[in-house]
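Listed here are the chains, written in short residue letters.
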Amino acid sequence: MIACWPVRNASRTLFCTAPWLLLATLLTGCDLDGYPEDLRYPPRTDVLVVDKPKVDAPREQGFERPGEFPKVILAGLPEKEKEQLTIDPANLKDDQRNVLEDELTKRFGTPAAPRADIGDAALVAQLKLDDDTLRRGSTVYRQQCLHCHGLSGDGRGATAPWVNPHPRDYRQGVFKFTSSSQDEGRRKPRKEDLLRTLREGIEGTSMPSFRLLPEDDLEALASYVIHLSMRGEIEFQVIRALVKGEESNVPETISAYLELIRGNWQGAQTSLIKPPTYPGDTLKTEEERDKYLRESIARGLGLFARAQAEGNLKSAGCLGCHSDFGRQSAYKYDAWGTIVKPADLTTGVYRGGRRPVDLYWRIHSGINGVTMPASSSSLTPEEVWDVVNFLQVLPYPKMREKYGIKLEQPPK
Amino acid sequence: MQKFWSILFGATMLAALLLFIVAPFVGWWLPKNVATFGGGIDGLYYLILAITGFFFVLTEAILVIALWRFAGQPGKKSVYQHGNHQLEVIWTVVPGVILLVLAIVQIKVWADVKFIKNMPKPDGTTQQMEVLAKQWEWRVRYPSSARMAEWASNPKAAEDFGRNPHLDDIYLPNEIHIWKGDADKDNKVLVHLKTGDVIHSFFLPNLRLKQDALPGKTIPVWFAVTEYNLEADPQSTEAEPRWKEKDIWELACAEFCGTRHSMMRGKLYVHKDKADFLKWLKHAEAEQDRHAPLASR
Chain A
1 MIACWPVRNA SRTLFCTAPW LLLATLLTGC DLDGYPEDLR YPPRTDVLVV
51 DKPKVDAPRE QGFERPGEFP KVILAGLPEK EKEQLTIDPA NLKDDQRNVL
101 EDELTKRFGT PAAPRADIGD AALVAQLKLD DDTLRRGSTV YRQQCLHCHG
151 LSGDGRGATA PWVNPHPRDY RQGVFKFTSS SQDEGRRKPR KEDLLRTLRE
201 GIEGTSMPSF RLLPEDDLEA LASYVIHLSM RGEIEFQVIR ALVKGEESNV
251 PETISAYLEL IRGNWQGAQT SLIKPPTYPG DTLKTEEERD KYLRESIARG
301 LGLFARAQAE GNLKSAGCLG CHSDFGRQSA YKYDAWGTIV KPADLTTGVY
351 RGGRRPVDLY WRIHSGINGV TMPASSSSLT PEEVWDVVNF LQVLPYPKMR
401 EKYGIKLEQP PK
Chain B
1001 MQKFWSILFG ATMLAALLLF IVAPFVGWWL PKNVATFGGG IDGLYYLILA
1051 ITGFFFVLTE AILVIALWRF AGQPGKKSVY QHGNHQLEVI WTVVPGVILL
1101 VLAIVQIKVW ADVKFIKNMP KPDGTTQQME VLAKQWEWRV RYPSSARMAE
1151 WASNPKAAED FGRNPHLDDI YLPNEIHIWK GDADKDNKVL VHLKTGDVIH
1201 SFFLPNLRLK QDALPGKTIP VWFAVTEYNL EADPQSTEAE PRWKEKDIWE
1251 LACAEFCGTR HSMMRGKLYV HKDKADFLKW LKHAEAEQDR HAPLASR
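Protein chains in written order, with my numbering: chain A, 1 to 412; chain B, 1001 to 1297.
Keep in mind that a hint or two might mislead.
[As the list claims (entries may be wrong)] Subject to a maximum C-alpha distance of 27 Å in a straight line, what follows is the list of computed BS3-like cross-link-like pairs (lysine-lysine):
hint, chain 1, residue 1, chain 2, residue 2
1, B, Lys1217, B, Lys1282
2, B, Lys1210, B, Lys1108
3, A, Lys291, B, Lys1246
4, A, Lys106, A, Lys54
5, A, Lys332, A, Lys54
6, B, Lys1185, B, Lys1156
7, B, Lys1282, B, Lys1244
8, A, Lys402, A, Lys314
9, B, Lys1246, B, Lys1210
10, B, Lys1267, A, Lys402
11, B, Lys1076, B, Lys1108
12, B, Lys1077, B, Lys1185
13, B, Lys1121, B, Lys1108
14, A, Lys106, A, Lys71
15, B, Lys1121, B, Lys1077
16, A, Lys191, B, Lys1267
17, A, Lys274, B, Lys1279
18, B, Lys1217, B, Lys1244
19, B, Lys1108, A, Lys398
20, B, Lys1185, B, Lys1076
21, A, Lys191, B, Lys1282
22, A, Lys291, B, Lys1210
23, A, Lys398, B, Lys1282
24, A, Lys274, B, Lys1244
25, A, Lys398, B, Lys1217
26, B, Lys1282, A, Lys402
27, A, Lys54, A, Lys80
28, A, Lys284, B, Lys1279
29, B, Lys1117, B, Lys1076
30, A, Lys332, A, Lys71
31, B, Lys1244, A, Lys191
32, B, Lys1217, B, Lys1246
33, B, Lys1121, B, Lys1076
34, B, Lys1274, B, Lys1121
35, A, Lys398, B, Lys1121
36, A, Lys82, A, Lys244
37, B, Lys1272, B, Lys1210
38, B, Lys1108, A, Lys284
Keep in mind the hints are simulated off the structure, nothing from the lab.
Okay, chain B solo, but in the shape it has when bound (with noise of 0.2 Å):
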């Protein structure tokens, strides 16, 4: 029974190799990707994965033989070893070059995803708005239909959105309503982070997206969607419109930021296209008109 310890061992990391290969397949795994820029990360994620995956199994599996291999040998005498000088170059020079190659290669995306260069201008097609993280919610500002029809004539009036608010500008918590819009034509959608207290950090798993807000600071975020999930309600009427999502894609704070963190949460609502978009504006638009017909029911 001396062999125990490199059994357990062995046979716990054979069910972690067994349970990690199994968990695509069953779906324990990345929530779907529906950023343009999302397949890059995914990219970046899976050769990570493999190289550490290559060097756990292959380490683990060290220690497992050594186990086995030499326990339970009673009276034997240990052998006491200065150090290897060889080994120990080449387990340092293997990670710097991997590294160093992983450091590399990672640049492009890292640049596409956050230089602001490479970020869509503030200009008449790209969507616009506002978030406003707080304790413990988004508040999020678009810009209302009439600004956005302003800037298809002007696109130089869309670049002081960020910095400067319309009375007419629609503020609304804890939902991301974007369209999926034309690749190259209007599908990018550029966002104002701003935190009104602590750090937060704004995170769209969906879209491989993570940024902190940091207080004073306004830091741009861009984005745009491969799909959407937002379809008519059978019930939905013209003067109620509604829709349901076919998929849920949440919206969630990455970094804790008190004792609400956990349910600091939103959601991502992406319409088919600028019109549907348009139809669910001037519904919120509706809600701070002046008549205030919906506030009057």
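If we strip away everything but chain A, and leave its shape as in the complex, we get (with noise of 0.2 Å):
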């Protein structure tokens, strides 16, 4: 250094090395190009829950506090049920732990390079689970989902704790928000409605929306979601039929399952629940239409609040559990063993979308992992959209007015 040598004694060291330790400092700055190469996937060491409790959480138990989200799965719930409900991975065997693992980094790949050896060509192409893509994917997953979603998608980032609802984890292979026609159960998403999930982010929750990202990202983001998942599911179905005994030989259980999950994943693409048209649309004068959609009102809010059937009236058997329009709706347990609560739909904010489809879809097939239920079976679809006539109206002051609904008298 130049500059140094007219300095004397201590300021001289101060001086020699402040300007370096800055450039060291401005030089380090953030590494963005993704996950460093030796890094893994984290064995899966978090209780396996395998089923939802079948009562409520109690009231009293409510909400935790921030801050002790993981710790409180199934919280509420007594000792000897949350036994019957939970798996713990820890009572794995050694070596079956390691087969696991090694055969998961085989078809998985690692953070870095991530890959989906799932030994169906085709689905690899439609889902675009190619390294390129995932690789891409997982760069912007790190920039982007990580902090909340965690490294192998368990939704234990480091912000998770602070947020609830907590950050979806994909390892059970469940997504709420869905619009395929699938059995409850093995119901996929469509890429379509992670994107939209991306796009439009999740109103009422901590996930924000990523539409100014660029689509090519979006799609890889999605991508690497879905590998994730398939990743994740695996896991758990096989640590599941492992502990349980069902199962010994890991490839061969890993295979079983692999098939198993690569089929629904393939059945949610081509399954899209396509409501059928609008019966009000079929109506040619304004009138006409208004009378239809106050009829379809008054409809939808007997269908909402009846406790059960009247003669030839049904019951959707809504109130059950979003109780006073869900004002004061019981807590339930979710299949992530997490605390929940039924939407409040007074308050016009829909996590699964606020479109008149979206609503159609939920009341249509429910919500996978809660204990929302599909309505396929009992409703015709002209009743579907009675129920989504209104509930559209119930947030709006004036609107109720309008159609005569009295949130102050909570049907019974």
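Starting from two chains that each stand alone, build the complex the way the hints lay out.
Written out as structure tokens, the structure reads:
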């Protein structure tokens, strides 16, 4: 350093090192290029919740305090029941655990070099699970999603304990808001559903909109989420089967579940629920449409509010959970063991999207992983539309007035 | 070599000054102003910059000269001074007068931008939207095209937009869509600003507009633009209209609001005219339509 020589003694040390320290600080900066090459997906250590409890969460339990997640899985449930519903991966034999980890790494790669060796090239192409897309996905995931959704998609990132609802844990293979018509239990989202969640965010939660990211990056993110979900679900199912003693050969078990999960994802992509034409649309005049809407809303209120069928009037049984239109909803457990609350339908905030078709899908096939059931077997499409129409009016005071709905007199 | 520090400080200050003079010519300056009131705000900014810049250069020059002049005089005794009453009066009164002048000069600009009585009324011609800030996004609510058509014939109906959402309102995150409009006719935009959680700040650098959003309050914000930045994409079709930006105009959060504060960004899209805006709005409506043609792709 030229500037150093006229300066003497103690100030020389400071003067000579300070610029270098500053330079070093500036150059370190942030590494935005993706995960380190030697990083592995951590093996699963947290308990598996294998079934939803059949009971409501005790009311005094409430939501946990900020920072307590994930210590509070199935909080408030008696120890004995908790034991029946959970499986601890610690009970896995050491050799089984090692084989499982090796096999998963072989098939799904590492965070820096993810791959989807799932033995179905057509599905890989359809869902864009090729190496390049996944690598791009993991880089963007690291920048945008990691801090909530965690390295392995476990929903236990650094921010996760502090937000409620908690970030989704993909490793169950369950996504709440889907538009595919598969049976519950094997229902997967269409890729378009994941993309929509990325673009619109989830209103009323901490999931923001990523609408401004380039289209390619969103596509890559959705691919990577599918990758994490497949990997996590196979790990989940194999640990469950091994600890329960249903299976003992790790590679065979992996193959069996891979085939199942692959099929479910594939099935979802082509099973969009297309709601039949909205009945009000075939009407010609404004008066007819208004009359239809008025009657439809009244029918919707009836379906929503009736505790049980009366004569030929059906009940959709909504009030059982959405007590007082959702303002007094009971606490429920979901498939992840956390405590959730059926939506307050008077607020106009819809997590799964607020378009009529979003509400139609929610009512038609329920919400995966929580206690909201499908109504497709009990309600006709027209009746589902009735409930949608009613729900769309419910949050707005002037609309309620117009259509004669009174919040002050909650239906019993 | 006793003059080293004065040379170092002098050179650094000179370099900073040069950099500062060069900056506007190489694009390191304020983003383009597209607001009708932006000129007034920039004028104030330049006035304050000129005053503070002048005194900054003056005091730094005195400092450097003093360093040069009195450096390296071994054995020389310091002179102790209790103070100089006259000097103190001067350096108190001069800034006091300057502050008073600034306080008076800025009144008109501030009143134009922030006084509610100067804001556009929510009537048939004012463009309206509600912006709900939340960690970490901007959720914008627009009136539907039917609702806007109603306002044209019945301006009173536009008054309750901020308080009364309708079921056909359009909700979109992170995108502020407006049209350029004609001066004194329909170019004014009224934003009903709310926050769902903590304090955020609604900041549009190109409009020189910044307003905090406070929990529990709906704060009116207004602006009018002088240019547009959206053009029809050549690949645009009737069924799937697309646009591209001539220029990127950012929306940002200017109040630290949590870990993802820096990612809380959006964009300001200004359409050429109302017809172009309605084309976009109708497309957004189709997305919410009961037939759901777009969702059933």
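Original post:
Checked against the structure, which of the hints given earlier come out wrong?
Top reply: 1, 3, 4, 10, 11, 12, 14, 15, 18, 19, 20, 22, 24, 29, 32, 33 and 38
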